[in-house]
Amino acid sequence: MKTFVNILFSFRLMGLVIPIIAISIAVATFIENDFGAETARAHIYNATWFEALFVLAAINLSGSMVLNKVYRKGKLSILLFHLSFLMILLGAGITRYFGFTGMMHIREGDRSSLVLSDESWISMQVLDGDKAFRASKRIYLSELMKSGRVMTARTGTKQTIRVDYIDHMSHARPALHKITGGAPAILLVSSSPEGRDYHPFYKQESRWISGQLFQFNQTSAGDMQGIQIHMNGDRVYFTAPYPVGIMHMADRGQEMLEAHKKHELKPMAVYSFGSLSIVLSEKESSAEVLAVKQEDSEGNGKTALSLRLTAGSNYKDITLWGAKGLPGQPRQIRFSEREILLTFGSIARSLPFSLELEDFILDRYPGSSSPSSFESSVLLRDDEKNLQSSHRIYMNHILNYRGYRFYQSSYDTDEKGSVLSVNKDHTGTLITYIGYFLLSLGIILSLINPNSRFRKLNRDITLSGKKKAVLTLLLTAALCSGNGTKVLAAEDSQQYEIPAGHAKEFGKLLIQDPQGRIKPMNTLSSEILRKVSRKTKLNGMGSDQVLLGMLADPVTWQNVSMIRISHPGITELLGIRGKHASFMDFVDPELEGGYKILAPVMLAHRLKPAERSKFDTEILRVDERNNICYMVYDWTILRILPDSNDEDQAWHNPSTIKNVYSGTDSLFAVNITQLYFESVKEGMSSGDWSKADEYLGYIKVFQNRMGSKILPSTLKQKAEILYNRVSIFDRLARFYLAIGMSLLIILLVQILGKKERLKKLRKIMVIHLLAGFGVHSVGLILRWYISGHAPWSNGYEALIYISWASMLAGVLFSRRIAAPLAVTAVLSWMILHTAHLSWMDPQLTNLVPVLKSYWLTIHVAVIASSYGFMGLAALLGFLNLLLMGLQNRGNRNKVETSVESLTAIIEMTIIAGLGLLTIGTFLGGVWANESWGRYWAWDPKESWALITILVYAFISHMRFIPGMKGIYPLNLAAVLGFSSVIMTYFGVNYYLSGMHSYAAGDPVPVPDFVYWTLGIIALVSITAWIRNKRMERIAE
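Quick note on numbering: numbering that gives the first Met the number 0 labels position 123 of the sequence shown as 122, and the sequence is numbered without any gaps.
Incorrect hints may appear among the rest.
[What the hints assert, rightly or not] Here are the simulated DSSO-like pairs of lysine-lysine, each with C-alpha atoms no more than 27 Å apart in a straight line:
| # | residue 1 | residue 2 |
| --- | --- | --- |
| 1 | K423 | K455 |
| 2 | K964 | K1 |
| 3 | K202 | K177 |
| 4 | K534 | K613 |
| 5 | K613 | K940 |
| 6 | K282 | K292 |
| 7 | K607 | K292 |
| 8 | K177 | K415 |
| 9 | K578 | K534 |
| 10 | K518 | K690 |
| 11 | K315 | K136 |
| 12 | K260 | K177 |
| 13 | K1 | K74 |
| 14 | K657 | K690 |
| 15 | K292 | K260 |
| 16 | K699 | K518 |
| 17 | K323 | K613 |
| 18 | K940 | K964 |
| 19 | K680 | K536 |
| 20 | K690 | K717 |
| 21 | K202 | K282 |
| 22 | K607 | K657 |
| 23 | K136 | K415 |
| 24 | K536 | K323 |
| 25 | K536 | K503 |
| 26 | K507 | K717 |
| 27 | K177 | K72 |
| 28 | K690 | K893 |
| 29 | K507 | K534 |
| 30 | K72 | K455 |
| 31 | K74 | K177 |
| 32 | K423 | K1 |
[Claimed, not checked] Simulated restraints on C-beta separations:
| # | residue 1 | residue 2 | range |
| --- | --- | --- | --- |
| 33 | D645 | K762 | 37 to 43 Å |
| 34 | K715 | G35 | 52 to 58 Å |
| 35 | S305 | D33 | 20 to 26 Å |
| 36 | S565 | G62 | 46 to 52 Å |
| 37 | Y984 | G273 | 31 to 37 Å |
Because the hints were derived from the structure by calculation, they are not lab data. Beta carbons are placed, not taken as given, at the ideal position from N, Cα and C, and that holds for glycine.
Please work from the sequences and hints to get the whole structure.
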C-alpha cells in the first residue's frame, strides 16, 4: 500500500500524466481541424478517460503537496500557486457538470422564458398504458464514430428498449427517392419566425411543426388529432380544425379554406396555418426518405441521425432530424406495441422569469448598410417576485438576474428578432475566479519569497559573482527582442498636399467626439489616420494634412490607397495588391448594394463572437475603417458647430446644424463649412491660402462664442496638441531599446575587458535612462491632465503605466549595479511596443465590440511578455548546448562555469515566463466569460496555450524526476519547449481552424528554413550530448 501511495503521489507519475494530457490536447486540435469540433469533443475533450487524467493529476498534486509539506512556514507562495490549480480544476468540474449555457431567441413584441441548450440531446418518451417513461442522453456526433449503444429505457412491464447509433449525415436535408415496394410519402417545406425547414412524412407518421401536430395517413379515428394529411393516388389532401389561408404562386391569388373540410394540398401554393407557412415540395406514392447533402445556397441544413430501436427480438430503424442550437422536432412512432416520442436537437430549459423584446436596435454607419452596433431592449418579468424592469443588452453589457447571465449574441436577418447567449454557472465561475486570484498571488509572492526557487537561483547567481553569464543573457535578450517594420511605398502626393502651416492651424480647431469630449482636430486626425491606415503619416503628410484633404477634396482622396487590409482573403475579395486599399476599391456598381464586402460583413455580424473566424473579425475591422472614411467624406464626423441652447451641450456637423439657429447665426452656421472647404480646394490649386485662413478663423470665433461653457482651457488645448505631436511613448519605446542595448553592450565589454575605460560612458547611458524615466513620468502626468482621469483606465493606459512601473523597479534596484536598469529598459520597450499596437487602432465610433475589451488588451500584453521570456530561455539553452559541444580539456572549467550560471538564469526565466503565460491565459478566460459567457471552450488557440503551460510546467519540475535531472536535459528542454510557443503563436493562426485562425482551405506550406532550423538544433544537441558524456568520463 505504501508503495502504491508513493507512486500515486510521486513526481515520476506527474512527469507521465502531464505529457499525456498535453499530447492528447494537441491531437484533439488536429482532429478538430480535420473532422470538426464535435469529433474532438466526442473522442477527447468530453471523453471519460480525458476527465480521469485531470482527476489523476489533481490527486497527484494534492498528495505531493502534503508529502512535501508545502503548508509549512516559508512555502506560502508554493502552496497558493499549486492550490490555485486544484481550485481551477474544481471550478471547471462544477461548470462542466452543473453549469448551463444556451441560446434564447426572441422576436419583437414576444415574450420567452425558454432557453435552448448549446449541446445536442437524444430524448425518448415511451407511453406504456397510462404511464410515461423518459430517457435522454447528450450526444456528440463524430465523423469517426462507430455504431453502438446510445441509451436504454425501461417500461412499466420492465421491458428494455435500446437505442443504437447507426450513422449520421451533417448539413443534410430530407429527399424522397422513388422505389418499387415503398410506401406513400410527402415532403413539406415550412417557413416560420424560426426559419425555413423540411419535414418528410412516410407511412403513418406524425410530426410537430412549430407547435402544431401534423399526422399523415392515419386510419384509426381515435388516433386522429391536429392537422390530418392523406394521400390518395397521386393527390394529397388535408383537413384542419381551423380556417387555412392559401396563396397560389402562379397568379398570387389568395383565399381562405374552411375548417373541418377536406382540401387538396397542391404544389406551387403556400398554405398558412396561423404563423406557419407550408408548401408541398415533393410527393411519391411509393418511395423512401433519404438524407442528401444540402447545397450552400439552401443554408446550413440539419443533421440526419440514423438510429435503431431494439426491444427483445424486434427492431426498427428510424431517422431523426435536428441540429445543435435548434429545438428537436418530436417524431412519434409505434414500436413494440407502444407509442414512442423521439427528439434530436437542443433541449429547452424553462426559466423562472421571462424576457420580452421591446425593441431590437441595429445602428448603421451613416450612409451605409453596415452595422456599427446592435442591442436588445428587453422587459424582464418575474411573476414570482412581482418584478418588472427594463434592460438594455449589448456587447460587453450583460443582463445578470437570478444567476442567469444574458449576452447579446446575434440577430435575425429581418432585424426583428434577437439571439441572446445565456449562461448559468455562478458557483463554477466563482470558484474558478478564486483559483485565478490565488494563482496570480502565488506567482507574485514567489518572486519576493526568500524561500522560493526563483529567489534561491537569484542568490546563487549573485553570490557566485558570475556576472559574465548574466550579462550575456541580457545582451541576448536585447539582440533578440527587435521587430521589423514595414513601410508603405509613397505615392505621388503633390496634387493633394496641403501646406503644413495651414494644416497646423486646422489641427487647433475643436471638435466633439461621439462620447461628448471636446478635443482638438489634431487628436481626431491622428486617431483617424492610425485607425484607417495603421500609420502616423501618409506619403510624408501629417494627419492634419490628410484629414483636411479628405474633407475638402473627397473625389481625389477616395482613390488613394490608405485603408489597411490585414487579411489575404480580404485582399483577394477586393481584387487588389498590397496591404492598403482605396475607398473606391470597395465599390462595385454591378453588385446589389454596390459594396463588395457587404455579404461577409452581414454574415460576420450575425455570428456569435465565439464563432467568428479571423477572417470574420478582420472583415468587420476593415468595414469599420471604410465607414469611418465615409463619415469623413460626407462630413458626418465633423461635429465642429456648437449649439449654445442645447442642455446636453451637443455639437453638430454641417448637415444637422440647419434648424438649430435662426437669423444671421443660422446663415453663418449653415454656410461657413462649405465656404471653408471650397477655399481650401482653391488654395490647393492656386497656392493662395488667405481665404482659407480667414474662414478657419471665423469658425474658431464661432466655437468660442457658442460653446464657451464646455471648452477646455487654452492651456489644456495646447497641452493635448503637444502630447499628440511629440508622441512621447512611441519615441520612448525606441529610446529605451537603443539606450538599454547600448548599456548592456558596455557592461559586457567591461566584464570581458578593462573596466575603467568605459566607466564614464556607462554613467552617461544610466543618466540617459534616468532622464527617459523622467520623461515617461511627465508623459503620464500630461495624459492625466488632458484626460481628467488617472492614466490607467483602459488597456493602452494600463500598459504605459506598467512600463513606467517596470522602469521604476529598475531605478530602485540599480543603486549598486546598472544591469537591472538595462534589463528593465528593454522590458519597458517590449511593453510600450505592445501598447503601441493598441494605440495604432483607436476606437472612434460608438461601437463597443468584443475585441475592444480591457481584459483582452491586458491578456494579450501579458501573454506577449511571456513569449519573450520563453524565447530568451530557448536562445540561452541553444547557446549552452553550443558551448557544451565546443568544450575540450583546455576550456572545460571555464565552459562549465558559464553553462552553470546561464542554466540558473534559464530556470529563472522559465519560472517568470511560466507565471506570465499562466496568468495571461486565464485572463483570456476572464475576457471570454465577460464578453460572451464562457471562460473555456477548447478553441485551438486556448488549447495550445494550455499545452504550452503544461510543457513549461513539466520543464520547471524536471529536476524532481529521476533520469531528467541535470544541466543538459534542462537546456535541451528549454530549446525544444519553445516549439509549443511557436505553434501557439504561428501554427494555430495558419495551420488550424478556429476563431483565432487565418486558415482557410489548404494550409500554408511549411517554410524551408524550419527544416534547416530543426536540423541545426538536432546536430548541436547530439554533438553537445556526445561531448558532454566524454567530458564526464574524463572528469571521473
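Hint check against the structure, violated hint numbers in rising order: 1, 8, 12, 15, 18, 22, 23, 24, 27, 28, 31, 32, 33, 37
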